[in-house]
Amino acid sequence: MNILKNNISKILSGIFMITILYSCENNGYEDYETANTPSVKMNGEWYIDISDASGVIAQHAHHITYDTNDGNNTMYINDNKKGYWLKGKLIVNTTNLTFDATNEENLIDPGSTFTITEGKILKNAAHSKTGNVTDSIYFKGEFSYDPGHIIIFSGHKRTGFLEDEY
29 MNILKNNISK ILSGIFMITI LYSCENNGYE DYETANTPSV KMNGEWYIDI
79 SDASGVIAQH AHHITYDTND GNNTMYINDN KKGYWLKGKL IVNTTNLTFD
129 ATNEENLIDP GSTFTITEGK ILKNAAHSKT GNVTDSIYFK GEFSYDPGHI
179 IIFSGHKRTG FLEDEY
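The working numbering puts the first residue of the sequence shown at 29, with every later residue one more than the last.
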């Protein structure tokens with residue numbers, strides 16, 4: 029009986045080892061590559077202060093920049109109605125991290141358009157609420173319902189650390 033138990037144990041151990049070895053192979057995944065979108069270096073969440081010539085309009089307004097998946101050097105900006113009601117496509121230059129838009133449809137405020145100038149992201153040029161080094165964002169905006177009124181947006185990238193949240 030002990031011989032039978034030993035043989036069964038050896039067979040089960042062998043099957044177990046073969047299963048482990050074959051489960052670690054990459055068969056079928058040789059052609060799988062993760063793809064980055066064109067604006068990946070510029071995507072993120074931002075805390076932005078909004079001001080104009082008369083002073084501060086809003087502080088630490090949460091904005092998001094994300095790729096359009098069009099593959100043509102465009103990205104969206106969206107403040108989810110937490111700032112100046114801004115959502116639309118931006119033209120980006122991923123080499124020098126600049127962006128702009130001219131008379132772009134404001135998707136969060138139907139019937140209005142916006143123009144963005146001097147848009148720039150500076151890597152590691154800002155500090156979060158607690159002093160952590162992070163990216164900086166800056167741009168000027170003008171909205172069709174208030175022509176000539178230039179709004180300044182400047183802020184830093186969200187770090188994800190709880191102590192840096194507003």
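Please keep in mind that the hints were generated in silico from the structure rather than gathered at the bench. Among the clues, some could well be false.
Below, in silico cross-link-like pairs of lysine-lysine (BS3-like), each with a Cα-Cα straight-line distance of 30 Å or less [claimed, not checked]:
no., residue 1, residue 2
1, K115, K69
2, K110, K151
3, K148, K69
4, K110, K168
5, K69, K38
6, K38, K109
7, K109, K151
8, K69, K168
9, K115, K157
10, K110, K157
11, K148, K109
12, K110, K148
13, K109, K69
14, K115, K168
15, K151, K168
16, K109, K168
17, K148, K117
18, K33, K69
Unmet hints by their number, sorted upward, for this structure
Of the numbered hints, 5, 6 and 18 do not hold.
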